[in-house]
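Undergrad: So the protein lines, in turn, are chains A and B. Mind the numbering: the first sequence is residues 1 to 433 in this note's numbering, read in order. Mind the numbering: the second sequence is residues 434 to 765 in this note's numbering, read in order.
One or more of the hints may lead you astray.
Straight-line distance between alpha carbons at most 25 Å, and here's what the computed DSS-like set of lysine-lysine pairs gives [claimed, not checked]: (1) K616/B with K194/A; (2) K246/A with K233/A; (3) K197/A with K616/B; (4) K423/A with K537/B; (5) K414/A with K531/B; (6) K616/B with K414/A; (7) K616/B with K246/A; (8) K423/A with K531/B; (9) K166/A with K616/B.
Non-contacting residues of chain A with respect to chain B, defined by C-beta distances greater than 10 Å in every case (computed) [unchecked claim]: (10) G172; (11) D303; (12) N336.
Bear in mind the hints are in silico, worked out from the structure with no lab data behind them. These numbers come from a predicted model, not from an experiment. All C-beta atoms, glycine included, are put in the ideal place defined by N, C-alpha and C.
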Amino acid sequence: MKSQIMKGLGVIAAAAMLVPMAACGTNSASSSNKDSLKGTVTFETWNLKNDKYTPFLTKAIKTYEKNHPGSHIKWLDAPSDGYTQKLSTEAAAGELPDIIDGGPAVVYPLAKAGALLNLSKEDPSAKNLYTEGAWNAVTFHGNGMQVGAYGYPWYVNDGPMYWNTKLMKQCGISTDKLPETWDEYFAAAKTMTKNCKNVYMSTMIGGATDDYASAGIKIMNPSQTKYIFNTPKAVKHLQQFVDLYKAGGIPPEALSATWSQQADFFQRGSIIAMGGSAYSAAGFKENAPDLYKNLAVGPKISDEGRSASVSYDSLSIAKTCKNPKLAMDFTRFITNSKNQLEFDKLSSCFPSTKGTINDPYFKKASSGSDLQSQAVKITMKAVTKGYSNRPPMMSDADGWNYLQQQAALALQGKQTAKQALDKAVDFANSRLR
Amino acid sequence: MQQSEKTAPRARVKESRREKWREKKEARRISAIPKQQRISHVSASDKVAPYLLSLPAFLIVFIFVFLAALNTIRLAFTDSTMLVPGHFIGIQNFLDIKNDPYFKYAIVNSSLYVVCVVPFMVILPLILANLVRGNTKIMDFFRTSFYMPVVMSAVVVGMIWTNLLDSHGLVNSFFLAVHWVQKPIPFLTDRWLLLFSCMFVTIWLGLGYYMVIYLTALANIDESLYEAAQLDGCNAAQEFIHVTMPGCRPTMILVMMLSTIAAFRVFNEVYVMTNGLGGPGGEDMTMSMLIQQEGTGLQAHTGYASALSIIVLLIVGVLLIIENVLQRRLDR
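Please build the complete structure, drawing on both the sequences and the hints.
TA: Here it is, written out as structure tokens:
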């Protein structure tokens, strides 16, 4: 009995001793959290060290460092030329910067090579901060890759379709309702080729995944393990571009045109429509005032009622980062609603954080009746409801070029639309492995 | 004048005899010195110094040329990508090349480049150099003007010619205005016309560079040969064929070799004029463009690109050997 009492006392004493220890544990955990926000992390951006962005980023970094004593953010900036080459060399050497700026096309191969932190695992609550489209754009699956998000979404962009109403009228196309679906687009193009010579519809040739995704054609299977954009529907869609090219509705230069050439064509009045950014209107006003007077703006051509060509930029954390908590915390800070809004004002971009698009700044920018306000309004809808169809593996320059090259051969009649898409799908699948 | 010309060879013969006599005398003097003494006056540091002085250059060449080349050979037998080291796959990359449609375009285009561009690169700059030799101010102006494209950025050159040759460019606008053509000539959209346009730009770019090389060679041709040709009644064209061309023959061989390597590895002009796509459908792709397409970017197939590089190296090597053999035969 005595020994039982002694045992009981012993248990109570042990329990009593454990309580403060547990408390110590809690204390030490919180202090380690604070400690983990100390140290240095490198933050590499892409072409942002200039008069426009340097003051904003320097101020943001200083604010963060002030609020987190002991933390040091070393900001590096790389020129856009050779940026991916630089990153790949750094990744191969295991010397990636701690925080990396890049779109999904940059993030995907690094994530696939196991060089980035899976944020769905490391910081699961971050998902709630960003819009669904933005979070999906940085979430990758398939091919030996751990499913998850590999970047904090940053700025977002898209744009409307600009239409030259003078040319439209000249070629018998109604300007009352601008074409919004692919059927409307090709119908307008047919009218144009009947009534006009040496005038072209646009430089779109079915050479980009946007052209297919916006027609409701799936680019990849849901598990992102296979490309599937060579369906009969896709072949029919490309065939419409082939027919339009044969009818003289697409300029030959479009077979290997760049965006800047598209703008040249549009500004000199050779093409009726072109996709641009929300703020292109100012450029048209300055560079082509006569054209500006005859411009109308509408949403990008889509059968889905939403844009499939939203582009996202994100900030990823390297697996080699020695202070991952500090890196994640700082990245959350730089991509938070307040900082994104400030950055968007400078860069004419749009935010990826939930609700930021409802800020009075964007409401004001889209409330006017002028062309730019209309363009901003359309783009706001596009970035809110739209998504990125561009599979990150496809938006790598090679995949992109290959699809355009195959479509160009089909337009020239050197192969059928089916052959072009089959080849493009085979090539893209070979890149997935 | 004639007297001095006759005495000059005699003086030269005398001088060379004297030189030989001096050399023999020095050799006899050295052989008279006992071997041990001869060695003793060359210190150890004197022996090591040349090696030490050449070491930095050797290291640079070894690391950045030999090691890099060896690594390329190693990579060619692997399936490595930019971010994944890959595994040994034997000659699979070389077998894959056979089925690559772009390789077929690239090898045809690069070979055509050599066949079409090299003759112009060898002859035209020589004619140009012959025309602008001399020390007058107007010749200085022309030399500078012809050399100007060499110092211009290839991107700028590409943009200038793209703007000149596109369907709304100056060239087509002129042809349409004078009714020489009914519709624009597809300089930049037809496979062959685009390739020939690129060749034209390459020749335009290279003229000034090779002209400068030829100017140096022309300066070394003995003026008396031209005087003799004139006395024999040669006109300008005959002088060029019988005096200038033989006088510049070693330089012509050098230019031929340099321009062959450059033509087979052409990149900048084609890249810029085709917007990096290799023309419509990639049909104007060259070997260097294909290597760049496969070997750069985060998803680069470095193994495959290395195999392509080795093919280029072998082809250029074979071309140089052929040129060397031809040169020796001509020398005989």
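Undergrad: Hint compliance check: list the failing hint numbers for this structure, sorted ascending.
TA: none
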